[in-house]
Amino acid sequence: MKNYYISQNGWSDICQHFSTFPDGSILSCRSLEQSPVCIKGQNANSICLEHLGNFDLVGDEMTAEQRVTIIQMTAILCRSFTIPVDSQSIVYHHWFDLSTGQKNDGSRNYKSCPGTIFLVEIRLLIVLLIFYLLFYRQFLYRLFFNFPGWRLLAPSLF
Numbered sequence: 001m002k003n004y005y006i007s008q009n010g011w012s013d014i015c016q017h018f019s020t021f022p023d024g025s026i027l028s029c030r031s032l033e034q035s036p037v038c039i040k041g042q043n044a045n046s047i048c049l050e051h052l053g054n055f056d057l058v059g060d061e062m063t064a065e066q067r068v069t070i071i072q073m074t075a076i077l078c079r080s081f082t083i084p085v086d087s088q089s090i091v092y093h094h095w096f097d098l099s100t101g102q103k104n105d106g107s108r109n110y111k112s113c114p115g116t117i118f119l120v121e122i123r124l125l126i127v128l129l130i131f132y133l134l135f136y137r138q139f140l141y142r143l144f145f146n147f148p149g150w151r152l153l154a155p156s157l158f
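Note that the sequence shown covers residues 1 to 158 in this note's numbering.
These are calculated hints, taken from the structure and not from any lab test.
There's no promise every hint is true.
DEER-style ranges, computed between Cβ atoms [unchecked claim]:
#1 V58 to D23: 33 to 41 Å
#2 A64 to N109: 19 to 27 Å
#3 P84 to N43: 29 to 37 Å
#4 G10 to P84: 30 to 38 Å
#5 P84 to V58: 17 to 25 Å
#6 G10 to E33: 18 to 26 Å
#7 Q102 to V68: 31 to 39 Å
#8 S12 to N45: 14 to 22 Å
#9 A64 to N9: 29 to 37 Å
#10 D23 to N109: 19 to 27 Å
#11 Q88 to N3: 30 to 38 Å
Glycine included, every Cβ here is placed at the ideal spot set by N, Cα and C.
Use the sequences and the hints to build the structure in full.
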């Protein structure tokens, strides 16, 4: 992937910061200290994630492992970098004109990335991110700390 971006596109590095894979694994690609090369005119102060797969209607089906990884990774990045969990802060190629970089919600000159099926799931993903950020950690905290003997198992998680 990196070779392609350098040799075919003439870029200095791979474009995205992280890639997720169907088995749920994450590859760290570009340094977070560098701006990504993802959406024309929208790269400053952004983090670019690539989700391996063709998630168009007649493409690949996203695995549960990859979906969970995307939700958890996005939640961790949002929390770590104080990124609001909304469709103004979490954006996709599809919403931008490829030539101008203007946001047009996929009405013209766009690519389907990350895929038409994935785009249908975005509202659900944002709801799940909010749940994860607000409740999941609190739920685990209560689970671990309300059961005697479990306190020693996971104090570093909280």
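Against the structure, the hints:
1. V58 to D23: 33 to 41 Å: At 23 Å between Cβs, range violated.
2. A64 to N109: 19 to 27 Å: About 33 Å separates the Cβ atoms of A64 and N109, which means 19 to 27 Å is violated.
3. P84 to N43: 29 to 37 Å: violated, 19 Å
4. G10 to P84: 30 to 38 Å: This hint holds: roughly 34 Å between Cβ atoms.
5. P84 to V58: 17 to 25 Å: violated, 34 Å
6. G10 to E33: 18 to 26 Å: Holds: the Cβ-Cβ distance is about 21 Å, inside 18 to 26 Å.
7. Q102 to V68: 31 to 39 Å: Hint holds: Cβ distance 33 Å, inside 31 to 39 Å.
8. S12 to N45: 14 to 22 Å: About 19 Å separates the Cβ atoms of S12 and N45, which means 14 to 22 Å holds.
9. A64 to N9: 29 to 37 Å: Given a distance of about 33 Å, which is inside 29 to 37 Å, the answer is holds.
10. D23 to N109: 19 to 27 Å: Because 34 Å falls outside the window, the suggested range is violated.
11. Q88 to N3: 30 to 38 Å: holds, 34 Å
Violated hints, listed in ascending order, are 1, 2, 3, 5 and 10; each of the other numbered hints is respected by the structure.
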